[in-house]
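Engineer: What follows is each chain in one-letter form.
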Amino acid sequence: MSSFSEFGSLVKNRHKPKDKPTDTKVALGFLAPWLIGAVCLSLIPMLYSLVISFTKYNMIKPPQFVGLMNYRHMLADPRFLNSLAVTLTYVIISVPLQLVAALALAVLLDRGMRGLSFYRSAFYLPSMLGGSVAVAVLWKMVFGSDGLFNAFLGLFGIDTSMSWIANPDTANWTLIALHIWQFGSPMVIFLAGLRQIPRELYEAASVDGAGTWRQFRSITLPMLSPIIFFNLVMSVINSFQTFTQAYVVSGGTGGPSDSTLFYTLYLYQQGFASLRMGYASALAWIMVVIVAVLTGINFALSKFWVHYDD
Amino acid sequence: MKRRARLRSGAKRTRTQSGPRSAVDLGSGAGMNGNRSRAIARTVGSVIKQIVVLLLAIVMLYPILWMIASSLRPQSEIFTNMGLVVTHPVWQNYVAGWNALSYPFGRYILNSLIIVVFAIIGNILTCSMAAYAFARLNFRFRGVLFGFMLLMLMVPIHVIVIPQYIMWNSLHLINTFVPLILPKFLAMDGFFTFLFYQFLRGLPHDLDEAAKLDGAGHIRIFFQILLPLMKPAIGTCAVFTFIWTWNDFFSQLLYLTKPDMYTVPIALRTFIDAQSQSSYGPMFAMSVVSLIPLFLVFTFGQKYLVQGIATTGGK
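These protein sequences, in sequence, are chains A and B. If you read the first sequence in the numbering used here, its first letter stands for residue 48, the second for the next number, and so on. If you read the second sequence in the numbering used here, its first letter stands for residue 228, the second for the next number, and so on.
To be clear, the hints were calculated from the coordinates, so they are not data collected in a lab. In this text the structure is predicted, and so the values were computed from the model without any measurement. Cβ atoms here follow ideal geometry from the backbone N, Cα and C, with glycine treated the same way. Hints should not be assumed to be uniformly reliable.
Said to hold, decoys possible - Stretch-level coverage of chain A by chain B, calculated; a stretch enters the list once three of its residues show a Cβ under 8 Å from a Cβ in chain B:
| no. | segment |
| --- | --- |
| 1 | 117-131 |
| 2 | 204-214 |
| 3 | 292-306 |
| 4 | 309-319 |
| 5 | 343-355 |
Construct all of the structure, not just a fragment, from the sequences and the given hints.
Structural biologist: Here's what the structure looks like:
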């Protein structure tokens with residue numbers, strides 16, 4: 048397939064000199080909304096936020112240039128460092144677990160399962176509702192001291208009246224659970240990917256005596272690895288920006304004891320509650336850097352496990 | 228017996244390549260020749276698998292079902308009854324919740340719907356137009372611009388949200404729907420531009436060529452020929468825009484601070500803030516109300532959801 052696309056791009060390139068930019072005016076028309084948006088709502092705001100990250104600005108008095116102070120302040124800000132730790136813990140634990148759950152279920156369902164479409168819906172539904180305030184409210188109740196989760200534990204003889212939300216040691220874990228609960232969306236992507244694996248591969252492997260697990264490791268995993276990688280990259284980027292759940296569960300405080308003070312929640316507090324727009328902008332830019340580094344690490348590591356069709 | 232089950236599942240319409248695929252299936256052929264204990268072991272395995280998956284589905288859906296059940300129970304029962312059976316449904320929670328805030332809850336639903344409807348129109352129109360330019364037209368800097376659009380998909384919105392807030396604030400547009408709707412008419416959801424782009428690339432160029440020979444311009448080619456063919460992508464765009472806008476909390480929290488402008492998520496949050504022990508029932512009731520549109524979209528738009536996820540996620 049890669050040779051095919053290489054061939055395609057060769058053909059394309061050969062024609063390229065002939066492809067003059069003939070449609071520039073028409074394209075300008077079709078792209079006009081996006082171009083206006085890209086300039087006024089993306090490019091200029093990005094530059095502006097970079098500029099005010101070097102200032103002290105509270106939206107009342109004009110911005111006051113302070114150099115690198117905001118960035119230097121970050122290193123000494125325990126709440127910032129804590130929010131970074133909380134968010135990284137969340138991302139590093141919840142993203143892989145969610146993808147493993149999604150993959151496991153996709154493989155199970157793909158192996159000829161009765162009621163596939165029912166299960167696909169049942170498992171997908173939480174990903175659709177999971178981002179809503181209503182579900183965050185529900186989560187707060189489920190993991191409260193007299194909530195559903197403790198009742199569930201009671202079934203196994205574990206009797207506790209601890210509130211998992213109010214305990215700083217477990218609060219973040221309830222949000223991790225909420226993230227894993229939404230494994231349906233990557234699962235649907237995996238299901239679509241599994242269907243594209245030629246089944247001759249499995250037949251050949253089983254003729255050679257490969258068992259189910261061996262087939263999974265030697266065929267399914269490598270063939271699916273580009274899709275797993277895509278999901279991993281996007282999940283890391285998105286889950287680093289988790290906001291709604293942490294806000295609702297903690298009532299906007301990031302509590303208890305800042306244990307759910309996610310990066311974006313801290314940024315929100317600094318920018319829109321304390322009106323420290325300069326500091327919040329610096330936080331936002333460091334966030335871009337962190338997300339870029341995480342994505343870079345993902346890409347670097349992908350060489351060792353992602354197989355692009357060859 | 229096992230074979231029959233497999234054949235049935237293989238015939239599911241969701242399968243493009245149906246039929247047996249694994250060693251398990253080949254093994255069943257051997258089972259007919261006397262390898263019965265192995266076949267029985269497989270059957271037991273598949274039953275266990277069924278049970279495990281079913282249990283998991285129940286565990287996953289239980290909290291939502293419990294919320295619905297609780298919203299129909301009197302206050303005293305909510306945290307004592309963890310079951311799902313409601314013998315005497317009480318609608319009082321819904322009445323109380325509907326009128327608990329400064330405006331009837333319908334007001335917030337209306338506000339949310341206004342934003343959602345405009346967001347859907349804007350996204351479909353402008354993202355598909357941008358996609359047409361990227362997929363079908365030759366122009367300068369196409370590669371650079373396309374790259375910029377893809378890059379913006381990965382950049383956290385927080386890096387632009389502060390300047391945007393300052394801008395909307397200085398234009399006195401806080402507490403209007405403009406900051407929430409206008410970006411949708413400027414194709415700012417690159418995800419959908421990419422979705423339409425992928426879809427357009429799958430449509431044969433012959434269609435445009437034929438229309439061009441008939442003297443149709445780009446505007447006619449796009450609106451009269453390609454757009455009607457893009458229905459599946461439009462469906463996906465509409466469904467996802469609905470879900471994301473309906474659930475959107477961060478930007479609505481920023482831009483809507485007056486109670487008469489509140490949307491559903493912001494109104495629900497107010498419930499939590501004002502929460503006393505006695506208001507769980509009404510809060511659950513309104514949470515359920517807020518999920519009803521999502522259930523409806525899920526039921527009727529599932530085809531588009533699955534399609535959209537598969538096409539953008541798989542490539």
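Engineer: Are the hints correct? Go through all of them and say.
Structural biologist: Evaluation of the provided hints:
1. Counting residues of the segment 117-131 of chain A whose C-beta sits closer than 8 Å to any C-beta of chain B gives 0, which falls short of three, so the coverage hint is violated.
2. Counting residues of the segment 204-214 of chain A whose CB falls under 8 Å from any CB of chain B gives 0; the rule of at least 3 is not met.
3. Coverage of the segment 292-306 of chain A by chain B holds [criterion: at least 3 residues with CB-CB distance below 8 Å; count 3].
4. Given as covered by chain B, the segment 309-319 of chain A passes the check, having 5 residues with a CB less than 8 Å from a CB of that chain where 3 are the minimum.
5. Coverage of the segment 343-355 of chain A by chain B is violated [criterion: at least 3 residues with CB-CB distance below 8 Å; count 0].
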